[in-house]
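Chain by chain, the residues:
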Amino acid sequence: MMPEFQIACPQNLADAITEASRLQGEVLFVNGGTDLILELRSGQKKADWLIDLSQVPELQSLPTLENGMLKLRSGVTFTRLSTDPLVRKHARCLAHAGEQMGSAQIRNRATLGGNIASASPAGDSLPALAALEAEVTIEGSEGARTLTVAEMLAAKEKTLKARELVTEILIPLAEQGIERRSTFTKIGSRTQVSIARLNLAAVMELEHGVIRKMRLAVGAIGKAPLRLYEFEKEWEGKAVKAESAGKIAGEIAGTLAEFLTKTVDQAIPGRHSQAYKRQAVQALAFDVVAELFPEQGLGQGGGGNGGR
Amino acid sequence: MKLEFKVNGKTYELDVDPESRLLDVLREELGLTGAKEGCGEGECGACTVIMDGLAVNSCLVLAAQARGKEILTVEGLAENGELDRLQQAFIDNGAIQCGYCTPGMLMSAKALFLRNPHPSETEIRTALAGNLCRCTGYVNIINAVKDAAEGAV
Amino acid sequence: MAEDKGVKQLATPERQAAAAEQTLKYVGRNLPLHDAVAKATGKIQYTGDMNFPGMLQAKILFSPLAHARIKKIDASAALALPGVAAVFSHENTPQTLYNSQVWFAGQEARADERLFHDTVRFVGDRVAAVVATDKKIAAKALGLIKVEYEELPALFDPEEALTENAVEIHPGGSPFFEKEFGCGNPSETFKQAELIVEDRVETPKIHHAAMETHVCIAVPDHSGKITVYTPCQILYSVRLVVAEVLGLPYNKVRILKTPMGGSFGGKQEVTIEPLAAFFAQATGKPVKIEYNRQESIISTRTRTRTIGYVRTAVDQNGKILAREVKTIVDTGAYTSNGAIVSMAMGKKLFRLYRIENQVYRVQAVHTNTPVAGAARGYGSPQIHAITEINLDHVANRLGLDPVEFRLRNLVHPYDEDLSGGPSLGNARIIDCVEEGAKLFRWHERRTQAEAGRSTNGRFRRGVGMACATHSNGYFGAFQDFTTMTLRMLEDGSMILNSGIHELGCGTVTTMKQIIAEVLDINPDRIEAPEGDTETSPYDVGSQASRVTHICGAGALKAARKVKEIFRREASKILGCEPEDVVMRSEIVWSKHKPEEKMTYGEMVRLIQQKNRTEIIATETYQAADNPGSYGANFVEVEVDTLTGLVRVIDLLAVHDVGKAINPGFVKGQIYGGVQMGIGLALSEDLQIDPKSGKAKGDSFARYHLINAPDMPSVEVLLIEKGGDLGPFGAKSIGEIATCPTAPAVVNAVNHALGTNLTTLPLTPERILAALNE
Ligand SMILES: Cc1cc2nc3c(=O)[nH]c(=O)nc-3n(C[C@H](O)[C@H](O)[C@H](O)COP(=O)(O)OP(=O)(O)OC[C@H]3O[C@@H](n4cnc5c(N)ncnc54)[C@H](O)[C@@H]3O)c2cc1C
Ligand code: FES
Ligand code: FES
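Top to bottom, those sequences are chains A, B and C.
Just so you know, the first sequence maps onto residues 1 to 308 in the numbering used here.
Just so you know, the second sequence maps onto residues 309 to 461 in the numbering used here.
Just so you know, the third sequence maps onto residues 462 to 1234 in the numbering used here.
Bear in mind the hints are in silico, worked out from the structure with no lab data behind them.
There could be a bad hint or two in this list.
[To be verified] Chain C stretches covered by chain A per the calculated footprint, using a threshold of three residues with CB under 8 Å from any CB of chain A:
no. : stretch
1   : 1099-1112
2   : 1166-1172
[Said to hold, decoys possible] Here are the computed lysine to aspartate or glutamate pairs in the EDC-like style, where the Cα-Cα straight-line distance is at most 16 Å:
no. : chain 1 : residue 1 : chain 2 : residue 2
3   : C       : 504       : B       : 390
4   : C       : 596       : A       : 4
5   : C       : 596       : B       : 332
6   : C       : 504       : B       : 392
7   : C       : 504       : B       : 383
8   : A       : 262       : A       : 230
9   : C       : 597       : B       : 336
10  : C       : 504       : B       : 336
11  : C       : 596       : B       : 337
12  : C       : 597       : B       : 325
13  : C       : 504       : B       : 387
Ideal Cβ placement from N, Cα and C applies to all residues, glycine included.
Produce the complete structure using the sequences and hints provided.
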């Protein structure tokens, strides 16, 4: 049963921001509602006012490329993320997260902004955004500011203040002449429609067969996704020549698997789920690397698990 | 609060509670009880309707968020008394047992067809992943959607 | 062997009818569900879709504690809320004790439930209720009720319930039921056995997960009668309990079966009906109770959690010499069917394999957890999980192929039940296994899976199978009969009045097909309304896998009687002998005057005008057999050894159903049963927290059913050899459909990994833990 509240339906972004500061009492934004409606019904959250963002045109417009950035509006749905050609090209891991998130019905409503604002430890967009080194624009009555997703999620204090909203997500593009490969994968308790028990996003940039950049983030073992800085450094600058690519990829997968196990051990020592996650996380390593080096045919012979 | 929207081709102007969900309005205000509440948390898909061409869980959409939208429910699937080919295929393939999941299944399948009239089996399974059925094991539901896609009925 | 002995002894008309199979016109055909169009268009009205003028809504306050005495309930704030009609608790409701699963008057069962207790015994037990003008107000008022509890020590582990000084949940403590029965001399045999293989197998508490949650409406009238609209499985059970609790004569309680949005045993017992009925009586208004998903999961019924200890003794040739099975059946906080299900599961042990020395011991216990009750298979999925997993373990130890091992021990047609139960009838499990193994390419696929293992590190394939048996009604245990009235109307259409319940399985259409076959009438011209205790003759209900076998035989008997009456009356009109009256495709004539034809309807009119009578028959069919239904599942799985996730690749289900009246319906049952069985094997579990007693799996977000992407392709093979007393030889399928699946999947996983996993469900954690051992 839903508690009582009022709802404001602003026509544009400016109105949304004004309403947010003007309205009295507990004010919350709602977009897809796929988190918030449940939280309101269960009593986890209370509101006097909801501000509906789902029809604010500025937040719903399509992804664009601007100033070397892929610019996403916070109202972009997971369905859109999974199909949008720009996202698929420049931020494939985010498109993969879009595909593997929820069900068709959820993806049609759930938004990237909502996923970021909810900041659930298992949020599927979050490792992808962390690995892409994305930035978020936050706007409120005091103006706008931009910070990286990592900063935003890692902060002890809640960086997204009440009545502030996420408006844009900016993803830096690969530089000219650099090939970006990226992917995302997760483990749930079902092939589809399952909150991640573990998820991992990887971005690799190559220039003439040399790894220029390696960015990985693993989710669901802490409050926010963990970047694998040490591991990334180890592989940057390594050559991936066509003849030896298979061997290198195998090595990457092997060391990544071990590294991830170590990361899990450090992140959740003594936790009930540690025993499971420290081993299962290795699957993510192999799956992600197989997708980063598609030509190597590194799939491990399984029928795979559909969308995973 | 005022809500103006279109349901199954008809425009409605209603006065609804702000905390009403689309599902509540369809069932209680419009008497369209085809959509069911199997969980109220986006997991079962029994409440699935099509909003502006996309399948949504009507238990997770606030009624106010449907303003200006076009909703299609199971009651609007048959046109001029003639069953939609999906409905016919469900009947012919034994895809219906208790029938409680059926409206939601039909709407998810319909939404799939709107985007992709000739889906593969994997695409069908993915489109129906958010619709639970306890009776049929999905086998005949998937067969029915395949059948309808092939225009076999 | 004794193969065909039984057939010769019992050449009844039913068996001859089954033999004349090739001439069948409606039986054996895939007619659609009678209400499929209404369901496909959203027009069908389920109980939740129904409203009555002035109807109130009730919401229940559930206990947040596992075991506590209610010291005080303060409902004043709730009562003061405008729109609240009443608040009920143990303080102002009848304290009649009842048992929610009794289905016939005079049935003995431990009565330990009340509408509301002064002591709550599990998280989800009923504390109080608000009845209000709408749900919103009712929910708000619930929040205003103040309850003071005195917490009591609680007990969650069924084995702990058997220890000394265990928490006493009901007077006398646990076990509240104990039984031992068997055959031969197992203890002596064990002493001499060459190989004994022991296992401890555990099955979880699971949720039936009908998509429709629990719901009912009670409507009072001026005469003091209460009418209850409910999607139930046993009308007469609901009447019994409601009348008892409300202190009303049976004829002042009317139960109407409404369209069923799924049950699987979950709506078999009487849970919310007496509450709604009492609220309606007390307020004088119609009252609806509709549970949400969480409430249905924790506060209605579950499958029993069952722990089984099994020991099997075999000789070197793979002959089972003796077996000892001990189960601990956890029925939760109230008794419900705890005793009966404990017995039901034990009986199956004597009906699948020829085991001359066998003993079954059961102890049923209470715990402070959600109440268990009927659940598709009524103990069969539990007991078959216990024994079939163990049998694979035995085969493994013997180095024998599991199919071969089973074939050496399976029962043969017309074997006797060595524990004294009814004859097994034309038990065709050997056919199931032999033909299934062939069709599945069992040996080839098993070898392939084993060969693939060395080269294939991460993903491992396994091939497994399991067998099961289930009953066909209550014959041999309880009274089982049905009464039906069949009429032919003046336009030749027909009405069957009976106490049947359509659960979505096709019962109504099945009855129509049987009648249509006898009278050669289009099934669409027959109405077979569902039960209404005011107008329907008595029926035992949709339980015990009895409907097609018993009610179907009842419909057959009534149709034959109507045919006899029709021909007798028509012969007077046609001036011939009854045997000379020909009835074909709704046209009737005398074989001496084939040129003088008329429709059935025209004839009924003439019979009314000239013979002053109508075409009607009321017949009672008394069950006289209870053969076994049999099934075998063959399955291949792939296990990801890194994640512990299991993919079920494909499954073959072979079932001995005697005769499929409607093969489409039969297959539908099997597909659904397989989905449920895979869930039991791999993912479904209420997961009671051992500290708080709260169910972790109390929502579909945390209680995962198998969904479309994870459902394997399923092939079905039906063995139809008739031979028993069901209509046209038909036997049950609804429950047996789910029985072999879970152990088959577990056996396949154990084959893939070389493990001996025995605690269900095989979660990824359990699989990895076993691999790391
Ligand atoms: C069945 C089901 C399955 C799911 N599966 C997944 C899954 O696989 N992976 C996953 O990551 N998540 C999953 N989720 C969770 C949820 O769908 C996502 O977190 C989603 O991205 C939330 O977006 P929304 O637009 O629906 O947010 P809402 O529910 O509208 O809002 C969520 C929160 O964010 C705030 N908010 C929303 N938009 C903004 C904004 N622009 N600025 C500031 N604050 C804002 C709201 O106030 C609220 O607190 C699932 C949910 C359900 C019900
Ligand atoms: S009721 Fe909406 S998804 Fe279950
Ligand atoms: S037909 Fe009953 S839930 Fe799908």
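Hint-by-hint comparison with the structure:
1. Counting residues of the stretch 1099-1112 of chain C whose C-beta lies closer than 8 Å to any C-beta of chain A gives 8; at least three are required, and the coverage claim holds.
2. As drawn, the stretch 1166-1172 of chain C meets chain A at 4 residues by the rule of a beta-carbon pair under 8 Å; at three or more, the given contact holds.
3. For the given pair, residue 504/C sits about 14 Å from residue 390/B by alpha-carbon distance, which is consistent with the 16 Å threshold.
4. Of the supplied pair hints, the one linking residue 596/C and residue 4/A holds, its CA atoms being roughly 13 Å apart against a limit of 16 Å.
5. For the hint pairing residue 596/C with residue 332/B, the CA-to-CA distance comes to about 12 Å; that is within 16 Å, so the pair holds.
6. With a CA separation close to 15 Å, the supplied pair residue 504/C and residue 392/B stays within the 16 Å bound.
7. Among the hinted pairs, residue 504/C with residue 383/B is consistent with the structure: their alpha-carbon atoms are about 7 Å apart, no more than 16 Å.
8. Distance hint between residue 262/A and residue 230/A is fulfilled; the C-alpha atoms sit about 12 Å from each other, no more than 16 Å.
9. A distance of roughly 13 Å separates the Cα atoms of residue 597/C and residue 336/B; the hinted pair therefore holds under the 16 Å criterion.
10. Distance restraint check for residue 504/C and residue 336/B: the Cα-Cα separation of roughly 15 Å lies within the 16 Å cut-off, and the hinted pair is therefore satisfied.
11. Under the criterion of a C-alpha separation no larger than 16 Å, the hint pairing residue 596/C with residue 337/B is consistent with the structure, at around 15 Å.
12. Under the criterion of a C-alpha separation no larger than 16 Å, the hint pairing residue 597/C with residue 325/B is consistent with the structure, at around 11 Å.
13. For the hint linking residue 504/C to residue 387/B, the alpha-carbon distance of about 14 Å falls within 16 Å, and the restraint holds.
The structure meets every hint from the earlier list without exception.
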